[in-house]
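Trainee: Residue strings, one per chain:
Number of protein chains: 4
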Amino acid sequence: VPVAVLGATGTVGQRFVALLADHPSFELVRLCASERTAGKPYGEVVRWALAEPLPARAARLVVEAPEPGSAPEPLVLSALDAAVAGPLETAFAEAGALVVTNASAHRMDPDVPLVVPEVNPEHLELVAERPAGRGAILANPNCSAIGLALALAPIERAYGLDRAHVATLQALSGAGLPGVPALAIADNVIPFIRGEEEKLEREPRKILGRLAGERIEEHPLVVSAQCTRVGISDGHTALVSFATRRSATREGLHDALASFRGEPQERRLPSAPARPIVVHEAEDAPQPRLHRELERGMAVSVGRLRPCPLLGWKMVVLSHNTLRGAAGGALLVAELAHARGLVR
Amino acid sequence: VPVAVLGATGTVGQRFVALLADHPSFELVRLCASERTAGKPYGEVVRWALAEPLPARAARLVVEAPEPGSAPEPLVLSALDAAVAGPLETAFAEAGALVVTNASAHRMDPDVPLVVPEVNPEHLELVAERPAGRGAILANPNCSAIGLALALAPIERAYGLDRAHVATLQALSGAGLPGVPALAIADNVIPFIRGEEEKLEREPRKILGRLAGERIEEHPLVVSAQCTRVGISDGHTALVSFATRRSATREGLHDALASFRGEPQERRLPSAPARPIVVHEAEDAPQPRLHRELERGMAVSVGRLRPCPLLGWKMVVLSHNTLRGAAGGALLVAELAHARGLVR
Amino acid sequence: VPVAVLGATGTVGQRFVALLADHPSFELVRLCASERTAGKPYGEVVRWALAEPLPARAARLVVEAPEPGSAPEPLVLSALDAAVAGPLETAFAEAGALVVTNASAHRMDPDVPLVVPEVNPEHLELVAERPAGRGAILANPNCSAIGLALALAPIERAYGLDRAHVATLQALSGAGLPGVPALAIADNVIPFIRGEEEKLEREPRKILGRLAGERIEEHPLVVSAQCTRVGISDGHTALVSFATRRSATREGLHDALASFRGEPQERRLPSAPARPIVVHEAEDAPQPRLHRELERGMAVSVGRLRPCPLLGWKMVVLSHNTLRGAAGGALLVAELAHARGLVR
Amino acid sequence: VPVAVLGATGTVGQRFVALLADHPSFELVRLCASERTAGKPYGEVVRWALAEPLPARAARLVVEAPEPGSAPEPLVLSALDAAVAGPLETAFAEAGALVVTNASAHRMDPDVPLVVPEVNPEHLELVAERPAGRGAILANPNCSAIGLALALAPIERAYGLDRAHVATLQALSGAGLPGVPALAIADNVIPFIRGEEEKLEREPRKILGRLAGERIEEHPLVVSAQCTRVGISDGHTALVSFATRRSATREGLHDALASFRGEPQERRLPSAPARPIVVHEAEDAPQPRLHRELERGMAVSVGRLRPCPLLGWKMVVLSHNTLRGAAGGALLVAELAHARGLVR
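Sequence lines, in order, name chains V, U, Y and P. Position in the first sequence (from 1) plus 297 gives the number in this note's numbering. Position in the second sequence (from 1) plus 297 gives the number in this note's numbering. Position in the third sequence (from 1) plus 297 gives the number in this note's numbering. Position in the fourth sequence (from 1) plus 297 gives the number in this note's numbering.
Rather than coming from a laboratory, the hints here were simulated on the basis of the structure. Keep in mind that a hint or two might mislead.
Copies of one chain are not kept apart here, so a pair can be met inside one copy or by any two copies together.
[Unchecked claim] Each computed EDC-like pair below joins lysine to aspartate or glutamate, with the alpha-carbon atoms no more than 20 Å apart: (1) 337 with 361; (2) 496 with 590; (3) 496 with 514; (4) 496 with 349; (5) 337 with 364; (6) 496 with 581; (7) 496 with 580.
Throw the hints in and build the complete structure from the sequences for me.
Mentor: Following this line, the structure appears as structure tokens:
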């Protein structure tokens, strides 16, 4: 399947390029970025910021402006800035592409599935019945919401979820490039990320929601979020307290989390982690530097499962924000859509 | 008043030495540290780690082993390690000293006041009636509990407190020296601090408790805490959600916090901040590097006061963990005790 | 003396504002910044990034565009970006102001003194004989060059200087705001700062040069520089190896450094440090976090003075890059010019 | 070949364990660590600090005290602390083992080869003629010296080396665990590493030395070193200035570096990097976070090759200090010794 990447020079765009390098089903054929860089080879305009080398084939691709034209690639992965993503992604979808986007613009649109492949693959049915020549948009959730939704899903299934409090310590790569000025975060913590708490309080309700005909009925879960930025490169940590509807035990929660599998595992999708959730028993785990790369960055780590005097249970959830939480997660959505025959 | 400092070479001990350098009422006359360093001038054995210079007089004091002898100084400030603090502090108190301690050993003892001077100065009455020649122990709370108790106290007075959830991002100096290995925290967050959550869930109940005759009746407040270590030098950030008993407004909470004053301000104690709580309106305040030094590190900063869908209200609380949260806080307790005539 | 500050919202501009708050001779009356911010109170447009509070009077000043008009303030402190500083500073000087600039645009102009007040105050004579109504430009050297020149000056006087090798570890504040993206420096070192090595190899020759009539004869010293950026907030560290013309001893070097004084100390200028150079004997000093604030950030710290198998001697030099190395240094130049009657 | 690891719980020891997990020629059969941990499974006593998971087989090995016994493994990899390494390594060698050590104790012993496999493989001949039943010690150089020697070797061959100045910015993992206290390096640089400058000035002379009969004749190269610790996890950066005996060109130096190959590449040793030296052309490369992992951490990166006004040429050299600079380098020495028939 030929694939185009929009917003290819940013931190998430670079991850897309790296992940597509040796992909068994997808072939990267087009890289789009801002007007300023269009017309030059990708290798010349990108400030490559990953430890793995820039793939040679991608380096030679000439960057194009992000316009769909008459016959866009059937699959488009978008890492566009929120500020410009909305209309551009709509244009690509209207021109026939299946757009899997990491941007927030369309996430809460009623006709756009907001998908964590292990959690709500059935939401893809929203876009299954589309006219010939017509594309669609699939949204990858917010980087913190993905980890949270993955960790809450097995608990919801086993015990029902009522309320959750989540406090996050989010990595710098989540703000993209240039992102946070280094001087602003040196020896510091920034207890505010614009729009993040709203997303974290809203998106899990849609992800955990129920497909009801042609719409998603949101889950009634109440989430309260407090989000902070800390000076680390990758890996979002979430401190989660939650209340279940039915009485839970530590062993039951542990087993529900550790045994959780979904459609990506069943279908053995190329980017699917063998274990979507890794449960840690060490008293000081999970930690970003030690555990963010588990299962090639596609596993969510859960640790410190223990009682909470307020809501019932507490746990620590860690996920790699530019892999599972962005490019890797979106690619898994694309693979799932492909496996379900939605890429045409 | 002649003063001895126990545990003088650690991070909190060094802060005591710095704060006592030009104190109007207290004179540093004795420095005690481990056997290994006893007998040598303080300036030779301490690995001074503060940006302000080591006071010359203190540098010349010969370090002694921490033994009370027959006539200890009337005031003893303890920065001993928790592992050894218990019996040593008891020995000094039995020998006649008023011991103000930063260690956790005696904090929950029924006859030991656990004091934040602006919040519960009346708890000092617990030790007012003591036999001649007999000392007592006054405890400074846990570094995170002080900031939390200060920020909650005006809310409790104005609206009553029911429940609170607190997630902390704590600085490295809180772990002392050698403390956390640098390699363990490089590009990392550690979501565990031994014993910290228990202290943060328990101590505010005693601090906000009611003096009932010769005991403290704990406040029924339920706190749930999640504590993490982040790689910054000083300044603990707490993300607090809370429920009040009576309905509150943002303006009412803001005013209660901003106008809060206590006995240290009335008595104009030397270490008392003019404003114990500084309320910030900037959307991304407070931040450790920018605000930890306010009021010479003795103010607690509160910001981001906003509704919480779960408990009613959220806020961010910042305090300097080795000043207000340790040495400065303990010194203020000592000044309050001195002003109330308890140092004999 | 009424003073205007150009580029008032950047990191160095903010330092100017803070330093002028209670200045005995200078009164801050005008703040200039980009067109975008002009017309609004400074307190509304600046993103204040210092730990000390924004002075209330400055907060109320309405920001103006950087235009000299017909009668500029007699003293102008410039923290403009290099990209725009050149013509704007010239315009202010032509309109009559004495401009003390931190920008690099005019540093190597033959009629512009490049001044470290303790080192080459006599270079100010270059601008002493100017026509009525005509201003002049005085340049503050590069942040790393100031510390290097201060540390080398007493050695030059005592033994003569021949060659020096300097490797720097420079702080984030030296890049201003937004400056270095946090993600670029997280768990990283960047071994390149544009233009920095050239400045460090060139400027000391002019600073240590000899006033010969109406021009400066550069010192023949050969400097080789390698500059890196490290992820700390403030404080540039320089690893210096040097060869003297005449044979030196460790004691002689130590004494030359420790006893160094200059015109700012003789004149007791308000911003002058009592000791321009603090010599450290601890084997691991100086360190940015511990020593950058010495003498209110105006002292240069020198440590680890020891033999070098290649050039003769090695030492470590530390200076606060936005105080001594920028705003504080420029203010000291202004005070020196004022004391010498050059502000008219 | 059965292999034992000494000092298995430290940072370098853990790297040995990870690298041996799937080794084609070596099988990890024994893990030795301090008395305190002996008798327990490795998985229980090690505080695993690598991002890759602890190999399951190693986790089950019962830790032993570091004693050779009568029949030690033929190959012993030592990551012992310098304080205890000397006599223990001698004991293992006397009992018959070939000990490849990362410790400094024996590096300058006249009968111990100090080996960088691409640079001086012929030095192994020093231990080729040994009596039956008798082992030997092979030393891996200091972590910074390896990168320096690798980068200097092709220059020495092409142009001859005369003098070099090297300033390092060294990572935290170089200090092991617990190593540097986090509070000591927070927002800080430490311009001192005990013994490091001496090693860096001395070891390259032996590595680049000439095998003359039964001894190594040191190379007359004069090196001056200044070493600092910076707060990053892995990757030592060295700023190198050097003088060649014969006149060099940039192109000639570039080609000598980029085309450099040695015996490990010819023999295709399992841990040998395809390119021992990667030359970078980007103006701000190499950088630790981006380039330390090149060739599985076994390549040295060289960048910013440019003229030096003092010595002729400057460059920036980066190497992964616990892979190429420690465990990976020592393993490559062991593989070379094995290929040459020295493991018996």
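Trainee: Does each hint fit the structure? Answer for all of them.
Mentor: Structure-based check of each hint:
Proximity of residue 337 to residue 361 under the C-alpha cut-off of 20 Å is restricted to the intra-copy arrangement: shortest distance 8 Å within a copy versus 40 Å between copies. For a Cα distance limit of 20 Å, the shortest separation of residue 496 from residue 590 qualifies neither inside one copy, at 25 Å, nor across copies, at 33 Å. Only within a single protomer do residue 496 and residue 514 lie at most 20 Å apart by alpha-carbon distance; the minimum there is 17 Å, versus 42 Å between protomers. With identical chains, the CA atoms of residue 496 and residue 349 are never at most 20 Å apart, being 31 Å at best within one copy and 32 Å at best between copies.
Taking the shortest alpha-carbon separations for residue 337 and residue 364, only the intra-copy value of 16 Å comes in at or below 20 Å, while the best inter-copy value is 40 Å. Only between protomers do residue 496 and residue 581 lie at most 20 Å apart by alpha-carbon distance; the minimum there is 17 Å, versus 28 Å within a single protomer. Taking identical chains as interchangeable, the C-alpha atoms of residue 496 and residue 580 lie at most 20 Å apart only when they sit on different chains, with a minimum of 17 Å there against 30 Å within one chain.
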